[in-house]
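Those protein sequence lines, which keep their order, are chains A and B. Numbering of the first sequence is given in my numbering, commencing with residue 1 and proceeding in unit increments. Numbering of the second sequence is given in my numbering, commencing with residue 1 and proceeding in unit increments.
In case anyone wonders, no lab produced these hints; they're calculated from the structure. Quick caveat: nothing in here was measured; it's all calculated off a predicted structure. We put the CB at the ideal spot given by N, CA and C, even for glycine. Among these hints, one or two may not hold up.
Residues from chain A that face chain B, not an exhaustive set, calculated with beta carbons under 10 Å [to be verified]:
1) V4
2) P8
3) F65
4) L91
5) D101
6) T102
7) Y104
Think about it this way: if two alpha-carbon atoms lie no more than 20 Å apart in a straight line, the pair counts; the simulated PhoX-like pairs of lysine-lysine are [unchecked claim]:
8) K94(B) with K68(B)
9) K57(B) with K42(B)
10) K94(B) with K5(B)
11) K42(B) with K11(A)
12) K68(B) with K15(B)
13) K57(A) with K94(B)
What follows is each chain in one-letter form.
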Amino acid sequence: GAGVSQSPSNKVTEKGKDVELRCDPISGHTALYWYRQRLGQGLEFLIYFQGNSAPDKSGLPSDRFSAERTGESVSTLTIQRTQQEDSAVYLCASSFSGRPDTQYFGPGTRLTVL
Amino acid sequence: QQQVKQSPQSLIVQKGGISIINCAYENTAFDYFPWYQQFPGKGPALLIAIRPDVSEKKEGRFTISFNKSAKQFSLHIMDSQPGDSATYFCAASKGHLYGQNFVFGPGTRLSVLP
Numbered sequence: 001g002a003g004v005s006q007s008p009s010n011k012v013t014e015k016g017k018d019v020e021l022r023c024d025p026i027s028g029h030t031a032l033y034w035y036r037q038r039l040g041q042g043l044e045f046l047i048y049f050q051g052n053s054a055p056d057k058s059g060l061p062s063d064r065f066s067a068e069r070t071g072e073s074v075s076t077l078t079i080q081r082t083q084q085e086d087s088a089v090y091l092c093a094s095s096f097s098g099r100p101d102t103q104y105f106g107p108g109t110r111l112t113v114l
Numbered sequence: 001q002q003q004v005k006q007s008p009q010s011l012i013v014q015k016g017g018i019s020i021i022n023c024a025y026e027n028t029a030f031d032y033f034p035w036y037q038q039f040p041g042k043g044p045a046l047l048i049a050i051r052p053d054v055s056e057k058k059e060g061r062f063t064i065s066f067n068k069s070a071k072q073f074s075l076h077i078m079d080s081q082p083g084d085s086a087t088y089f090c091a092a093s094k095g096h097l098y099g100q101n102f103v104f105g106p107g108t109r110l111s112v113l114p
């Protein structure tokens, strides 16, 4: 598959546990984005990577959220000490730099915090 | 200033009719205005996009109308089909060189009746 892939597709965890969400972008896409989508709502920007650097972390909702990217490829979004309000679909997208018209989204990871 | 407002929240149209979704923004630095289509359980997919140097862009049955002075843009779906039933998001982006973060509208749930 040449698209953006995310894993796991579904994650159920208990409050207080840490979770790691993975994104595999389209090969060659240097820009990578993470978004959060709560049920029935729009997309909330979390963080943007240019290569392995994150010039814009302004959307991360708290210091429990962190993200990294390695090899200008895979990215992981980590949520520590999960809370029930973290329950949402977490979407990853990638694009060529300076080409937002090439932005493609993955199918998302549905996170449920009990 | 970072918000994008979208209306209506939901829309029901008969097959063959015209669907119209409207968005408004405040930040005049935005320079890219895409529309995304999202089916249940899937990530959003880019449908059509416009830059502020043109007032209209048409691709098949989908047209974006852009009013720079009013800071508004809209999506028109001509000859709407049941397969168009989905949630539509408008978005705005700034940062031409690096494709920086998108700001999404809250979405419009479109239902096209057969």
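Status of the hints after comparison with the structure:
no.: 1; hint: V4; result: holds (7 Å)
no.: 2; hint: P8; result: violated (14 Å)
no.: 3; hint: F65; result: violated (15 Å)
no.: 4; hint: L91; result: holds (5 Å)
no.: 5; hint: D101; result: holds (6 Å)
no.: 6; hint: T102; result: holds (8 Å)
no.: 7; hint: Y104; result: holds (7 Å)
no.: 8; hint: K94(B) with K68(B); result: holds (15 Å)
no.: 9; hint: K57(B) with K42(B); result: violated (26 Å)
no.: 10; hint: K94(B) with K5(B); result: holds (16 Å)
no.: 11; hint: K42(B) with K11(A); result: holds (16 Å)
no.: 12; hint: K68(B) with K15(B); result: violated (31 Å)
no.: 13; hint: K57(A) with K94(B); result: holds (16 Å)
Of the numbered hints given earlier, the model fails hints 2, 3, 9 and 12; all others are met.
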